[in-house]
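S.K.: Residue-level listing of the chains:
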Amino acid sequence: MNVLLIEINPFAPVSPPISLGYIAAFLKSKGFGVKILTLGEDASISPAGLQKLITSFRPALVGFSAYQRTMLYVIGLARFIKSIDSGIKVAIGGPQATFMPSDGFAQLPDIDYVSRSAGEQTLLCVARAVEQGRPFSGLSGVSYKNDGGIVQDTEELEGFSDLDQYPSPYLSDVFDYSRMGEAIMLTSRGCPHHCIYCYTPCAFKHKVMFHSIDRVLEEMTWIRKKGVKRFWFADPNISHKRSRIEELLDGIVKLDLEAQMWLQTRADLVDLEMMKKMKRAGVRTIAFGLESASERVTPKIDKHLSIQKVVEAIRLAQSQDIEVELFTMFGLPNETFEDAMKTLAFVKENNVKIMGNTNSQQMQIYFGTPMARHYKDYHIRPLNTERPPYISIGCQYETDHMSTEDIGKVQNLWRAHSLDRGRRIVS
Amino acid sequence: MDERALQRIFVILDKQEKEQLETLCRILSDLFFYVELTSNLYIVAEDLAAGMPQVERIQKQVTSFLRENLFARLYVHFIHGAPQGNTEQMDFYFQYYYQNWKRVTMEFDREAYMHQEVPRLMLLPLIAPSSHTNTASLADLLGTLKSAFLLPSLYLDWGTFHQAANEKLLAKAEKVYYGPGNNSEKSAIVCSLCHENIIHETSSRLDAHPASMTEPCPAALIITASDGMVYPCADAFVRKKSLANIYAAPHVDTLMAQYNGYFDSGTDCQACRDRVVAAFSDLPLPKGATHELSDLLYHFGTLHQEAQNHVLAAERYEKSLKLSPAEEAVPIHFRLGLSYLNTGRYDQGLESFGKAKAMYQDQYYFHFYTGLCYFEKGDYGMALERFLEALDMDPQQDDLVRILIYLGTCCNGLGDYEQAIVQLERAKHEAGQVKEIYNALGFSYFQLKDYDKAIENLKVAVELDPYSAIDYASLGANYRERGDMDMAAAMYERALKLDPDLAVARENLERLRDYHG
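Protein chains in written order, with this note's numbering: chain A, 273 to 699; chain B, 8 to 524.
These aren't lab readings, by the way, just hints derived from the structure by calculation.
Nothing here was measured: the structure is a model prediction, and the numbers come from that model.
Just to be clear, a hint being listed does not mean it is correct.
[As the list claims (entries may be wrong)] Output of the computed footprint for chain B on chain A, the stretches with three or more beta carbons under 8 Å from beta carbons of chain B:
1. 349–358
2. 550–560
[To be verified] Within a straight-line C-alpha distance of at most 35 Å, the following computed DSBU-like cross-link-like pairs (lysine-lysine) qualify:
3. 681(A) / 497(A)
4. 294(B) / 620(A)
5. 109(B) / 354(A)
By construction, the Cβ of each residue, glycine as well, lies at the ideal position given by its N, Cα and C atoms.
Generate coordinates for the entire structure from the input sequences, incorporating the hints supplied.
M.R.: Below, the structure written as structure tokens:
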């Protein structure tokens with residue numbers, strides 16, 4: 273049986289969809305035929321091309337990565353696929369799906385499953401059910417609709433705590449290397465922290481799971497052999513375990529991989545020794561989450577990170593000639609226009625270039641986050657009460673301290689100071 | 008090749024019959040199935056009032072397609088001349104035409120708001136003013152359009168480039184397109200829009216995959232509504248090489264098969280890219296755009312140089328130099344110097360090399376090429392200096408031999424035959440099987456009256472190149488001087504057999520016969 277996995281984002285260049293890659297490698301190892309289709313801003317495919325793909329590959333199951341910004345396209349593609357063959361089952365997973373309310377799912381007529389648990393196990397469970405011709409029997413980790421269209425939830429499915437149990441998407445060759453400019457790595461999953469705006473800790477229940485360093489180095493060596501030099505580590509906090517990051521960096525140096533790396537971590541998880549090792553290993557850019565540079569705001573977001581720590585981390589990186597990116601947001605609880613300006617001033621004072629990921633963005637309120645669950649407690653006022661229930665508040669809100677106009681003004685000021693007109697890479 | 012999804016469709020409207028418009032709409036509707044998920048439709052009309060009813064009819068097809076396909080996005084660019092008149096009249100145009108046009112997009116604006124997304128249907132006016140357009144009124148119109156999220160762009164050509172000096176106008180334009188011509192002719196506009204896109208895409212290729220220039224440019228179709236002709240690219244449009252006629256009722260599947268087949272039939276897309284870049288470089292473009300063009304011109308210059316087309320290479324480098332920032336000009340000067348050298352323009356070559364000196368003077372080949380310019384000019388003294396400098400810089404083996412040969416030849420030219428022999432014997436030691444070494448040594452030894460040595464070397468020269476008439480003639484001269492007249496005559500005869508026009512051989516042979524019967 274064939275499974276087609278699709279990632280669509282018309283506003284971003286195509287990059288290896290790492291999460292779909294893991295699912296593809298896992299399903300492949302269980303005997304399914306799998307294809308990944310990435311539809312980015314530079315993807316050259318037409319409806320005719322899509323139709324041809326569907327009719328030639330004949331997937332019995334199609335899985336989508338779903339994000340708030342891509343929901344419309346996911347809905348459209350699901351409808352298109354069903355119009356070609358109404359027997360094809362469609363599942364969605366990813367940040368928008370995990371905590372999507374049931375009434376949201378109920379309004380998605382062409383979506384059959386919403387994945388709520390670890391993607392690999394959940395989609396395997398669905399794929400096996402579809403293969404056996406009983407697509408809604410014996411399921412776990414998903415919500416589905418019964419014959420009456422009523423949403424049914426199933427038991428949660430635990431993913432592997434040892435990530436090495438998942439086959440590598442790179443070593444399984446599920447990606448096309450011919451035009452890959454950069455490899456996305458995910459050496460760990462999850463985050464133990466409690467930042468109120470973030471989806472990741474909630475989705476992983478504040479746990480962190482790891483790949484072994486041997487496995488990561490094996491993947492990197494393979495990717496280098498394929499001619500890809502740039503690595504983008506998507507781990508939320510790559511230096512969560514000090515001994516582990518040191519082992520990784522030492523390994524990269526020992527293998528002489530000549531890699532160029534981007535990575536992100538918390539500012540309180542780095543020191544000078546580590547930065548030196550990062551530099552030696554080929555780290556070009558390190559990104560820290562600042563969020564806000566206002567002492568009035570930071571206690572309210574439960575990040576538990578002092579602004580001074582961020583200053584120190586920036587200095588450490590800059591002392592080693594490593595480019596720094598800062599993730600910041602505006603429209604945060606308790607934040608006034610003046611607070612937001614402090615963040616902009618902080619970035620400039622610390623000589624961090626306002627471009628790429630350092631372009632600030634308005635806080636997004638996504639399903640599953642403490643902010644989405646308790647927005648009233650944070651004095652958030654949603655603006656669009658008619659939005660479809662599969663779409664979260666997102667950026668359509670104002671706060672007791674900032675009006676829509678204020679938020680717009682902050683956005684324009686950031687854009688005015690941006691070196692690349694505000695084009696952010698990570699959302 | 009793989010089936011290509013269309014990025015752009017251009018429709019040039021005319022005063023076609025209602026029936027023809029319906030056919031055009033049907034074809035467009037079918038073609039949308041072959042466009043990329045995010046694509047562009049350019050509709051070009053003579054003027055706003057005449058074109059708008061047709062645009063609104065086409066727009067019905069667009070909205071129908073987008074309603075059906077929620078994953079698709081379409082930018083509709085309506086290109087027309089600037090309405091004439093004062094601000095009030097412009098305002099009337101806005102109220103009467105654009106407002107109505109905008110109304111149909113409201114459902115997509117709402118959909119976008121609900122999904123916190125950019126609208127899937129964007130209407131983008133592109134205005135081509137004439138030299139008589141009132142700039143202040145036009146700026147007001149652009150401002151009004153912008154405030155209604157109808158993001159306007161401008162098209163300027165030779166007749167209207169002066170409008171670019173108006174900062175207020177430019178600030179209100181989302182984008183400014185530039186093109187040749189001076190009367191905003193519809194087909195010229197379409198070509199310019201295609202060409203600008205080709206330039207950006209070529210520039211991206213240069214960054215990511217410079218070897219892929221032979222691949223076709225972004226997929227586009229051009230349809231002329233007046234006669235129904237469909238063209239597969241701007242180059243085919245210029246050459247009037249159409250694929251089909253939509254009024255002859257072709258099936259769109261067949262049309263697209265013909266389209267894909269067109270690029271399998273040996274189109275020279277690299278040459279087209281080169282022509283487009285060269286043509287655009289003559290326009291008075293803003294600074295940002297010229298830098299990109301300069302890089303492209305330099306790249307195509309190198310391609311011409313590799314293909315030994317030094318005249319075209321020099322043209323590209325000269326244009327590249329005009330558009331390049333001063334700090335990036337040095338490599339262009341160097342390449343231009345090479346092109347001049349290869350086209351016999353030695354003084355210009357020396358001037359260009361002189362401008363590249365700061366960056367290249369540590370490279371032996373820089374001195375070698377400079378020396379070649381002097382050598383070809385006949386200035387053996389200066390050439391000798393440059394070649395000696397190159398020799399001191401540890402050149403690569405192949406080049407070392409070339410430098411030694413040129414050094415020997417310079418010494419011969421300067422009458423220093425002993426020194427010539429030193430350099431040429433070294434060349435022989437480094438690479439024995441090069442004819443030019445033995446030829447030059449033959450000359451040196453002849454001049455020193457060491458005829459045996461001269462004959463010894465020239466014999467090797469003719470062994471290496473049995474068709475070298477001049478070496479046989481040289482052998483003849485050496486045998487004559489040694490007193491072996493039969494051998495001398497035989498060598499001259501051999502030379503003349505190979506090259507009956509070799510005067511030196513003929514004259515010497517005649518003299519020999521006259522003298523010795």
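S.K.: Confirm or reject each hint.
M.R.: Hints versus structure:
1. 349–358: Holds, because 3 residues of the segment 349–358 of chain A bring their Cβ atoms closer than 8 Å to Cβ atoms of chain B.
2. 550–560: violated (count 0)
3. 681(A) / 497(A): violated (48 Å)
4. 294(B) / 620(A): holds (27 Å)
5. 109(B) / 354(A): Holds - the C-alpha atoms of residue 354(A) and residue 109(B) are around 32 Å apart, at most 35 Å.
Comparing the model with each earlier hint shows violations of hints 2 and 3; every other hint is respected.
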